[in-house]
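2 protein chains.
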Amino acid sequence: MKISELSRRTGVPVASIKYFRRQGLLPAGRATAATLAEYGEEHAQRLRLIKALTTLGGLSIAATREVLGAVDQAHSSEGALGAVSYALPVPVAGQSPAAPGEETGAEAAAGAEVAELLAELDWRTPDTSPHVQGLTSALKELRRLDAQYAPGELAAYAKLAEAVARLDLERAAGLDDPVALAERAVIVFAICAPVFELLRRLAQENQVRRRVADGGAAAAAPQ
Amino acid sequence: MKISELSRRTGVPVASIKYFRRQGLLPAGRATAATLAEYGEEHAQRLRLIKALTTLGGLSIAATREVLGAVDQAHSSEGALGAVSYALPVPVAGQSPAAPGEETGAEAAAGAEVAELLAELDWRTPDTSPHVQGLTSALKELRRLDAQYAPGELAAYAKLAEAVARLDLERAAGLDDPVALAERAVIVFAICAPVFELLRRLAQENQVRRRVADGGAAAAAPQ
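Line by line, the protein sequences give chains A and B. Be aware that the first sequence starts at 1, since it is given in the numbering used here, and climbs by one per residue. Be aware that the second sequence starts at 1, since it is given in the numbering used here, and climbs by one per residue.
Just so you know, these hints were derived from the structure itself, not from any lab. The reader is advised that the hints may include incorrect statements.
What the hints assert, rightly or not - A short, non-exhaustive set of chain B residues, derived as facing chain A with CB atoms under 7 Å:
{"#": "1", "residue": "14"}
{"#": "2", "residue": "18"}
{"#": "3", "residue": "61"}
{"#": "4", "residue": "111"}
{"#": "5", "residue": "160"}
{"#": "6", "residue": "165"}
{"#": "7", "residue": "167"}
{"#": "8", "residue": "191"}
{"#": "9", "residue": "203"}
{"#": "10", "residue": "209"}
To be verified - Covered stretches of chain B (chain A as the covering partner; in silico rule of three or more C-beta atoms under 8 Å from a C-beta of chain A):
{"#": "11", "stretch": "130 to 136"}
{"#": "12", "stretch": "195 to 201"}
Virtual Cβ for every residue (Gly too), placed ideally from N, Cα, C.
Please put together the full structure from these sequences, using the hints given.
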């Protein structure tokens, strides 16, 4: 297809396609004349991934290039999903400043809590995962706010997260191509994570309203 | 207690306490001399809520004032939790621009999908909830990206969100005071939502690694 058709198919303006070409994000088309090139399905697919990473994922051109490189080298669904998961961070609300001594102690305590939880769950997650570090930071902040979970509570949340992750992976089940998988992963991280949080908020509203309406009895009873 | 003690207890600098006083966020202490005032436990509690809303919640002074007003008028746990839930938005990734005609159709379709889901779940959530609107926007975006859920999938996520919300409300169970409840709610929305998302990412990593290691058999088997 010509560049105009590629633009129409993907919803990416021609000028942006040319920009992504110059930045090395998109491979060259097959030259058919001095100023004309022919593009294929693989260009359309990659362009959709670039669009998802830069708009939904909010990544810079440099970060997008890194993710694309990792996806290209992945040759497996594991690698492609991991590259996207690591590139799109989970924002944790503002860390309050603390004295250096407090910092080290709280960090170590939170790190031990995370390691214990992962061992208890028997989750195979590499220590180098940025999400292990993110979880450690969040738990440290909860301790500092004097609002930490009891250990059992965190495990209860983790069991539910496991069930959600299973649904997530089912949604990616039909996709074998790393580029298509990576695009689906961006959508899951950017849109489906807020969808779940919105459902959680609505479920909270529902439960609070039922509790008020039924004088506290209904909320405790099985639904 | 004196303002210096109030500052020490809450970790809020004296200058900030004075600023919150001038902005009308914090009630006056009991005057003990022309330039001295005595503060009580209720001041410390409210100051912790102001701190949570402005730092963790990222709210402006004006938005914080509105939430505090709603919490004061609430006189119930329902109202206090609702005020905080509505004030702290759930960010949904960038909406792509669309033609006006497409917009109306997609909005209506997504709105119908949300209404149907809530009816099916029998959730008592007011139509005026910003989270109903947020969910509608997110589903519209999923449709536009050609990555919408099958209806049953969304219900499956909603059931898990219901279980997560039940854990959330258990964590607030011991708190009857609206101000203390509101503070806990800010922490749940700002820190516990990322914690769940981080657990979800780690669970995904675990499941992908198991699937690769066990050749696809383990992921399908019950854990």
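Hints, verified against the model:
{"no.": "1", "hint": "14", "result": "violated, 17 Å"}
{"no.": "2", "hint": "18", "result": "violated, 20 Å"}
{"no.": "3", "hint": "61", "result": "violated, 16 Å"}
{"no.": "4", "hint": "111", "result": "violated, 14 Å"}
{"no.": "5", "hint": "160", "result": "holds, 5 Å"}
{"no.": "6", "hint": "165", "result": "holds, 4 Å"}
{"no.": "7", "hint": "167", "result": "holds, 6 Å"}
{"no.": "8", "hint": "191", "result": "holds, 6 Å"}
{"no.": "9", "hint": "203", "result": "holds, 4 Å"}
{"no.": "10", "hint": "209", "result": "holds, 5 Å"}
{"no.": "11", "hint": "130 to 136", "result": "holds (count 4)"}
{"no.": "12", "hint": "195 to 201", "result": "holds (count 7)"}
In the structure shown, a violation is registered for the earlier hints numbered 1, 2, 3, 4, in ascending order.
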